[in-house]
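**Student:** Quick note on the working numbering: the sequence shown kicks off at 563 and runs consecutively.
The hints are simulated quantities; they were obtained by calculation from the structure and are not laboratory data.
Backbone N, C-alpha and C define an ideal beta-carbon position, used for all residues, glycine too.
Misleading hints may appear alongside valid ones.
Claimed, not checked - Here are the in silico distance ranges between beta carbons for each label pair:
hint	residue 1	residue 2	range
1	D642	G738	21 to 29 Å
2	T827	N762	18 to 26 Å
3	L842	N762	46 to 54 Å
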Amino acid sequence: MSYQQPGYPQPPSAYPGQAAHSGYGHHSAYPGSGIPMPPGPPGPAPIPRGTPPPQTHQPSTGASNLPTTGQFEGAQFRIDHRDSNTMLYLRLQPGYEVKAKPGSMVAMDASVSIRGKFKFSMKKMFTGGDMSESTFTGPGEVLIAPEIWGDVVPIHLDGQTQWRVGRDAFLACTMGVSRQTKSQGLGKALFSGEGLFVYNVMGAGILWVTSLGAIFSRTLQPGEQWIVDNGHLVAWTAEYKVERINAGGFLSGAHTDEGLVCRFTGPGIVYIQTRNPETLGAWIRRQVPQTSTTIVETQ
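Please construct the entire structure, taking both the sequences and the accompanying hints into account.
**Tutor:** Dropping the structure here:
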């Protein structure tokens with residue numbers, strides 16, 4: 563997956579003051595490519611004329627393959643300690659602002675100013691949405707982290723494409739990015755794992771999303787479909803619908819032979835998380851010993 567997108571400057575090969583990451587890039591040639599290959603068995607039979615080409619798609623991409631440094635206008639960022647104890651490191655220029663989820667700040671320079679903003683909304687009050695946000699203003703450095711172990715991924719917004727972001731996936735965004743609470747319908751609310759309301763994010767800038775576990779992305783071509791187990795959504799631009807399928811108990815949310823999934827149809831991009839919050843909560847409850855009250859009679 564290419565990090566560079568139209569309209570944005572190419573990020574530096576390394577964060578200021580650090581060497582470039584040696585784990586990125588590709589080998590220029592396969593080892594021994596200059597040596598002729600020995601004779602082998604005959605190749606496959608030629609494909610008959612008129613045979614349609616096989617369907618191709620973009621493979622799923624792990625977030626660890628995405629660049630961990632970048633910049634936009636008055637901000638530079640670096641993502642460290644991926645992908646379970648991730649930290650977002652921001653360097654802000656004087657007067658530049660970044661909005662973040664309340665309580666996500668870990669540390670910051672004394673030169674950075676922070677202010678909280680409270681937005682009362684009956685819809686947010688009944689759906690559990692954030693009614694406040696923190697705004698950091700440079701100059702200086704800010705460390706931001708999600709509330710639970712997981713990854714952080716930057717998404718570049720081009721000013722035209724609208725993203726849907728899960729209620730718990732939003733972490734921070736730059737100036738020029740706005741988010742609104744949007745209803746996604748009763749059926750999706752009950753069975754997608756994301757609740758009745760999600761964030762509708764638009765604008766031009768950078769959006770940082772977080773996850774439970776690692777993040778994978780998939781780019782869907784027009785008409786291409788992809789099925790995701792409910793509870794694993796992070797952010798998406800493709801349309802989807804909730805379906806019930808015969809899972810045989812193999813889906814994370816399937817307590818019977820039938821499970822609920824989200825069927826996406828391209829074009830669009832889908833970000834998913836490798837862990838399901840509901841499944842994790844059930845696992846934790848199973849590990850907690852059941853307490854019982856014992857009455858001891860004394861003579």
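**Student:** Take the hints in turn and mark each one as holding or not.
**Tutor:** Here is what the structure says about each hint:
Between D642 and G738 the Cβ separation comes to about 25 Å, which falls inside the hinted range of 21 to 29 Å. About 19 Å separates the C-beta atoms of T827 and N762, a value consistent with the hinted range of 18 to 26 Å. Checking the proposed 46 to 54 Å range against L842 and N762 shows it is violated: the Cβ atoms sit about 27 Å from each other.
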